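Number of protein chains: 2
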Amino acid sequence: MIAQTPKPPYYVVIFTSVRTEVDEGYAEMADYMLELAQSQDGFLGAESARNELGITVSYWKSLESIKNWKHHVEHVKAREKGRNIWYSSYKTRIARVEMDYGFEQ
Amino acid sequence: MIAQTPKPPYYVVIFTSVRTEVDEGYAEMADYMLELAQSQDGFLGAESARNELGITVSYWKSLESIKNWKHHVEHVKAREKGRNIWYSSYKTRIARVEMDYGFEQ
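Each protein sequence line maps, in turn, to chains A and B. Under the working numbering, the first residue of the first sequence is numbered 1, with each subsequent residue one higher. Under the working numbering, the first residue of the second sequence is numbered 1, with each subsequent residue one higher.
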């Protein structure tokens, strides 16, 4: 559930979004995009949660791998559909992870 | 809902967690910690969602402001209680936001 990521530095894409009320295959597309992302070079892991706000965090080896994923033809198509029907607003932030620490019972 | 943050660079704390089944004032403490964080120097905004996994993302002006918040005495106490009763596991990642872009209908 909590992504197992390597020692920093690595990169993260933080995608926060507000959905419209239109479903039309949204969940299927979200699952498919995660599956596709997982098969990309440089993908390190992802975490996701949604209430009124949705937050998806994906971890990547490099800015290059994030750029390649951004330009993946199926991802471009999904994003266009996202803007047209699924999301009323979203924000994408790209950041470099400098440190991390955790806790496990 | 989606945090209004300034132009990058700025910093982000990504806190992902799995809860235990113990409630004991958890929601009240979460609300209070958000309120307290908002009053700290350098706080820029926060976003939060929870299903099986909880994700809280908070945005900060500098690593210094994150460090100050980390060492805030009430935050230290809350974190200790978190490890003792509320969380079965968590991970904190600190990253430097390099770029962002958004969409609004």
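Treat the hints with care, as some may be off.
Since copy identity is lost for identical chains, a pair holds within one copy or between any two.
Stated by the list, open to error - Calculated cross-link-like contacts (lysine-lysine; reagent style DSS-like; alpha-carbon spacing at most 25 Å): (1) LYS77 with LYS7; (2) LYS61 with LYS81; (3) LYS61 with LYS7; (4) LYS67 with LYS81; (5) LYS67 with LYS7; (6) LYS70 with LYS7; (7) LYS77 with LYS67; (8) LYS81 with LYS91.
For the record, the hints were derived by calculation from the structure and aren't laboratory data. Note that the structure is predicted; figures quoted are calculated from it, not measured.
Structure-inconsistent hints, enumerated in ascending order: Hint check: 1 and 2 fail, others pass.
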